[in-house]
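Novice: Make a model of the complete structure from these sequences and hints.
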Amino acid sequence: METPDGGRAADRHEVGQAGGSKVVARLTQPGEWGPWVDGGGWLRISDTPVDWIYRDVDRVHASWATAQEGRYTFHAQVGHPLGVPDFTYAGEARARVGSR
1 METPDGGRAA
11 DRHEVGQAGG
21 SKVVARLTQP
31 GEWGPWVDGG
41 GWLRISDTPV
51 DWIYRDVDRV
61 HASWATAQEG
71 RYTFHAQVGH
81 PLGVPDFTYA
91 GEARARVGSR
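If you use our numbering, the sequence shown corresponds to residues 1 to 100, in order.
Please note that the accuracy of each hint is not assured.
What the hints assert, rightly or not - In silico SDA-like cross-links for lysine to any residue, where the CA-CA straight-line distance does not exceed 20 Å:
hint	residue 1	residue 2
1	K22	R44
2	K22	W42
3	K22	P35
4	K22	W52
5	K22	G41
6	K22	R59
7	K22	G40
8	K22	I45
9	K22	S46
10	K22	W64
Claimed, not checked - Label-pair ranges, simulated between beta-carbon atoms:
hint	residue 1	residue 2	range
11	T48	F74	15 to 21 Å
12	F74	E32	18 to 24 Å
13	F74	R94	18 to 24 Å
14	S46	E69	43 to 49 Å
Derived from the structure by calculation, the hints contain no laboratory data.
Nothing here was measured: the structure is a model prediction, and the numbers come from that model.
Even glycine gets a Cβ: it sits at the ideal position worked out from N, Cα and C.
Specialist: In structure tokens form, the structure reads like this:
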């Protein structure tokens, strides 16, 4: 069996328990997915697949500050033909805060 990124089942690691559920994951190293996606992984919590993306917290804070000033830049990122706008981080943070 392969993970979505082509990794083999042997690349997966049981990382512990979450609320009594077994958690198995294939996680990337920081920067493995490029400079603006940072990294993430594919988790399986019990039998539920979960895609997980992590961010550089310092970059999130800096992007939030420049977005509040009305400034932004598009950054090159593989898989994103137009690049990644740095205000995306502010939008992700706001969407998460607003969903509570």
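Novice: Indicate, hint by hint, whether the structure satisfies it.
Specialist: Do the hints match the structure? See the list:
no.: 1; hint: K22 x R44; in the structure: holds (8 Å)
no.: 2; hint: K22 x W42; in the structure: holds (14 Å)
no.: 3; hint: K22 x P35; in the structure: violated (31 Å)
no.: 4; hint: K22 x W52; in the structure: holds (16 Å)
no.: 5; hint: K22 x G41; in the structure: holds (16 Å)
no.: 6; hint: K22 x R59; in the structure: violated (32 Å)
no.: 7; hint: K22 x G40; in the structure: holds (19 Å)
no.: 8; hint: K22 x I45; in the structure: holds (6 Å)
no.: 9; hint: K22 x S46; in the structure: holds (5 Å)
no.: 10; hint: K22 x W64; in the structure: violated (35 Å)
no.: 11; hint: T48 x F74: 15 to 21 Å; in the structure: violated (34 Å)
no.: 12; hint: F74 x E32: 18 to 24 Å; in the structure: holds (21 Å)
no.: 13; hint: F74 x R94: 18 to 24 Å; in the structure: holds (19 Å)
no.: 14; hint: S46 x E69: 43 to 49 Å; in the structure: holds (44 Å)
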